[in-house]
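Student: Sequence:
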Amino acid sequence: MTTEPATNPTKQTSMPSLKRRPPYFLLAVLLLTSGGWLAAFLFDFPAIENVAIAIFVGLNFVCLPFWLDRLTNWPALVRWSPIFVAILAGIAFFALIEIRGVDGNLVPTEFGWRFGAPDADYQLASVENEQLALSSEEFTINPEEDFYQFLGPNRRGEMDAISLDPNWEETPPKPIWKQPIGAGWSAFVIADGYAFTQEQRGEKEAVTCYKADTGELVWSHAEEIRYDSVVAGDGPRATPTLYQDHILAIGSTGVFVCLDAKSGELQWKHDFTEEYGAENPQWGYSASPLGYKNTAIAVAGGDDGKSIIAYDLESGEEVWGTGGESASYSSPTLVNLLDTEQLIVLTESHCYSLNPEDGSHYWDFDWKGSNAGSCTVSQPVAVDHEHVLLSKGYGIGAELIKISQDEEGDWSAESVWKNRNLKTKFTNVVQQGDYVYGLDEGIFSCVEWKTGRKMWKKGRFGHGQILRVGDWILILSEQGELVLVSVNPDKFEQVATFPALEGKTWNNLALEGVMLYVRNFQEAACYELPTK
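Residue numbers (our numbering): 1 to 532.
Derived from the structure by calculation, the hints contain no laboratory data. Note that the coordinates shown come from a computational prediction; the quantities given were computed from them, not determined experimentally. Ideal Cβ placement from N, Cα and C applies to all residues, glycine included. Keep in mind that a hint or two might mislead.
Stated by the list, open to error - Computed list of lysine to any residue pairs in SDA-like fashion (alpha-carbon distance at most 20 Å, straight line):
(1) Lys293 <-> Glu318
(2) Lys368 <-> Glu325
(3) Lys402 <-> Lys457
(4) Lys418 <-> Ser404
(5) Lys450 <-> Glu386
(6) Lys211 <-> Asp245
(7) Lys293 <-> Thr340
(8) Lys402 <-> Arg420
(9) Lys454 <-> Asn488
(10) Lys402 <-> Leu334
(11) Lys402 <-> Phe365
(12) Lys532 <-> Thr171
(13) Lys458 <-> Thr497
(14) Lys450 <-> Asp490
(15) Lys174 <-> Val107
(16) Lys450 <-> Asn421
(17) Lys450 <-> His387
(18) Lys450 <-> Pro489
(19) Lys450 <-> Arg460
(20) Lys306 <-> Asn355
(21) Lys458 <-> Gln479
(22) Lys402 <-> His385
(23) Lys532 <-> Ser163
(24) Lys450 <-> Leu338
(25) Lys402 <-> Gly373
(26) Lys402 <-> Asp364
(27) Lys368 <-> Asp384
(28) Lys458 <-> Asp410
(29) Lys454 <-> Asp364
(30) Lys402 <-> Thr340
(31) Lys269 <-> Asp312
(32) Lys418 <-> Lys457
(33) Lys211 <-> Asp260
As the list claims (entries may be wrong) - For each label pair, taking beta carbons as the anchor points, the in silico distance ranges come out as:
(34) Lys418 <-> Lys532: 39 to 49 Å
(35) Thr214 <-> Asn142: 40 to 50 Å
(36) Lys454 <-> Leu106: 24 to 34 Å
(37) Asn355 <-> Asp303: 18 to 28 Å
Between the sequences and the hints, there should be enough to build the whole structure, so can you do that?
Tutor: Next comes the structure, spelled out in structure tokens:
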């Protein structure tokens with residue numbers, strides 16, 4: 001007779017195991033994730049896509065313990081440990097480190113110790129109202145060639161005076177100077193050997209004048225203003241305008257100054273928020289002023305006829321005012337439509353055409369937007385004598401409108417087409433013939449403006465800026481790389497690249513002759529471009 005060995009039940013141990021249950025919770029998680037990706041795709045807006053993805057990834061992580069509870073017999077401590085670890089790691093991270101900036105798609109790109117050194121503009125020498133007369137008694141501006149205002153002579157980002165040499169391997173852009181600069185998204189304007197811009201220096205917002213060939217600071221005018229934003233960046237964002245012998249500049253909070261271009265001496269000043277009750281745009285005043293005959297035109301954004309205002313250039317007194325809508329981030333521009341000179345202004349949610357002489361109304365067109373949401377940033381472009389192309393990002397795209405005038409002299413604007421083939425968030429389009437080129441949410445694209453048909457879309461450059469120079473387009477990427485692309489509606493053709501700047505770059509380019517002036521929130525540089 002065989003006796004089987006006795007067993008002691010108390011000695012047996014069991015390991016946690018998976019429960020045999022239908023994976024309903026796992027299915028719910030998969031559906032939740034798929035829904036997040038689908039929502040992001042439908043928005044067609046990378047910034048919202050990134051936010052949606054982050055939210056759904058976070059929700060899935062939070063749901064992890066519940067999923068483990070449904071599918072396993074693991075101890076509660078094991079199931080909930082991922083959440084505890086994540087919470088502790090998050091507390092430690094944000095206690096020591098702060099996010100100081102994001103890119104154009106809301107991805108954090110700039111970090112710093114919470115109790116570490118301040119922003120770089122605090123470390124630059126503070127500027128005061130330093131006045132020093134320039135060497136020439138008269139300031140000379142060539143309105144056909146000088147880059148004296150935002151986007152150049154015609155505010156179109158197009159220069160045809162030189163022919164670039166695309167062989168940058170043998171003859172790359174030549175560095176002339178490179179140096180630190182205060183924070184801000186202003187660009188340079190240049191004339192008569194001097195370069196002007198706006199920048200943040202500590203608690204002061206400054207208009208600065210540099211020697212164009214050396215980068216040496218000549219004079220500065222400072223106001224006690226500081227604009228801070230993790231999302232939008234710090235400092236002024238509008239570009240100054242060099243008009244006659246004046247510098248016209250609008251700060252981030254709506255302080256409009258007129259300075260003597262030779263010395264930086266203050267001629268007159270207005271404060272849009274204090275004088276007109278204007279609401280400061282969410283991301284700061286960005287519209288550059290416009291010089292017209294003996295007036296300086298600005299988008300103040302006030303109520304009751306104080307939205308768009310023309311000031312006497314010498315005295316600063318109001319000449320005319322019109323409208324009652326908040327300012328957008330786009331700058332006023334002069335165009336010629338149907339043999340009539342017109343002032344085109346994009347406000348928060350409309351496109352207005354005015355007579356620049358007296359502010360009287362020609363026509364308007366609904367261009368819906370919000371200064372905190374679907375912002376209007378890009379410039380309107382008169383693509384021929386009767387059509388204007390509007391574009392923006394935020395999932396909206398572009399729209400072509402046709403301008404007409406009847407026998408009684410009444411003006412009207414009607415839509416020709418509207419689609420999402422060109423979503424120019426921070427940037428503008430440039431034109432050559434029947435085609436326009438621009439960054440479609442960071443990807444370079446070509447569109448036939450008459451039909452809205454997309455010709456091609458290729459090349460990821462982030463939310464940078466562009467400038468057409470003859471048959472070439474200069475792209476200054478969001479990462480500070482300078483890229484040369486041919487103007488070709490048949491295909492995307494990148495021929496050369498050059499490391500121009502370091503760090504996030506949202507500022508526009510400026511070209512004076514063969515000298516290219518670029519900057520971002522921390523450094524500025526001048527390069528001599530090779531030509532044929």
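Student: Does each hint hold? Answer for all of them.
Tutor: Hint check results:
The straight-line distance between the Cα atoms of Lys293 and Glu318 is roughly 14 Å, inside the 20 Å bound, and the hint therefore holds. A distance of roughly 12 Å separates the Cα atoms of Lys368 and Glu325; the hinted pair therefore holds under the 20 Å criterion. Distance check on the hinted pair: Lys402 and Lys457 sit about 26 Å apart at the alpha-carbon level, beyond 20 Å; violated. Distance check on the hinted pair: Lys418 and Ser404 sit about 18 Å apart at the alpha-carbon level, within 20 Å; holds.
For the given pair, Lys450 sits about 12 Å from Glu386 by alpha-carbon distance, which is consistent with the 20 Å threshold. A C-alpha spacing of about 16 Å is found between Lys211 and Asp245, which places the hinted pair at or below 20 Å, so the restraint holds. Under the criterion of a C-alpha separation no larger than 20 Å, the hint pairing Lys293 with Thr340 is consistent with the structure, at around 16 Å. Between Lys402 and Arg420 the alpha-carbon distance is near 18 Å, which keeps this suggested pair within the 20 Å criterion.
Restraint check: the Cα-Cα separation between Lys454 and Asn488 comes to about 13 Å, which is no more than 20 Å; the hinted pair holds. Under the criterion of a C-alpha separation no larger than 20 Å, the hint pairing Lys402 with Leu334 is consistent with the structure, at around 17 Å. About 10 Å separates the Cα atoms of Lys402 and Phe365, which keeps this hinted pair within 20 Å; it holds. For a cut-off of 20 Å, the pair hint linking Lys532 to Thr171 stands: about 11 Å separates their Cα positions.
About 16 Å separates the Cα atoms of Lys458 and Thr497, which keeps this hinted pair within 20 Å; it holds. With a C-alpha separation of about 16 Å, the suggested pairing of Lys450 with Asp490 holds against the 20 Å cut-off. A hinted pair counts as satisfied when its Cα atoms are at most 20 Å apart, and Lys174 with Val107 does not qualify at roughly 33 Å. Among the hinted pairs, Lys450 with Asn421 is consistent with the structure: their alpha-carbon atoms are about 13 Å apart, no more than 20 Å.
About 9 Å separates the Cα atoms of Lys450 and His387, which keeps this hinted pair within 20 Å; it holds. With a C-alpha separation of about 13 Å, the suggested pairing of Lys450 with Pro489 holds against the 20 Å cut-off. At most 20 Å may separate the alpha-carbon atoms for a hinted pair to count; Lys450 and Arg460 exceed this at roughly 25 Å. Taking the CA atoms of Lys306 and Asn355, the gap is near 16 Å; set against the 20 Å cutoff, the hint holds.
Between the alpha carbons of Lys458 and Gln479 the distance comes to roughly 17 Å, so the proposed pair stays at or under 20 Å and holds. Restraint check: the Cα-Cα separation between Lys402 and His385 comes to about 9 Å, which is no more than 20 Å; the hinted pair holds. Simply put, Lys532 and Ser163 have alpha-carbon atoms about 6 Å apart, close enough for the 20 Å limit, and the pair holds. At most 20 Å may separate the alpha-carbon atoms for a hinted pair to count; Lys450 and Leu338 meet this at roughly 17 Å.
Only pairs whose Cα atoms come within 20 Å are accepted, and Lys402 paired with Gly373 is rejected, the gap being roughly 27 Å. Taken as a hint, the Lys402 and Asp364 pair is honoured in the structure, with Cα atoms around 11 Å apart against an allowance of 20 Å. Distance hint between Lys368 and Asp384 is unfulfilled; the C-alpha atoms sit about 23 Å from each other, more than 20 Å. Straight-line distance between C-alpha atoms of Lys458 and Asp410 comes to about 42 Å, which puts the hinted pair past the 20 Å bound.
About 27 Å separates the Cα atoms of Lys454 and Asp364, which puts this hinted pair outside 20 Å; it is violated. Proximity of Lys402 to Thr340 is assessed by CA-CA distance (about 14 Å); at most 20 Å being required, the pair is judged to hold. This hinted pair checks out: Lys269 and Asp312 have alpha carbons roughly 12 Å apart, not beyond 20 Å. Our distance criterion of 20 Å between C-alpha atoms is met by Lys418 and Lys457, whose separation comes to about 18 Å.
Among the hinted pairs, Lys211 with Asp260 is consistent with the structure: their alpha-carbon atoms are about 16 Å apart, no more than 20 Å. Checked against the hint of 39 to 49 Å, the pair Lys418 and Lys532 passes, with Cβ atoms roughly 40 Å apart. Range check, Thr214 to Asn142: Cβ separation about 21 Å, and the 40 to 50 Å hint is violated. Checking the proposed 24 to 34 Å range against Lys454 and Leu106 shows it holds: the Cβ atoms sit about 25 Å from each other.
At about 21 Å, the CB distance of Asn355 to Asp303 agrees with the hint of 18 to 28 Å.
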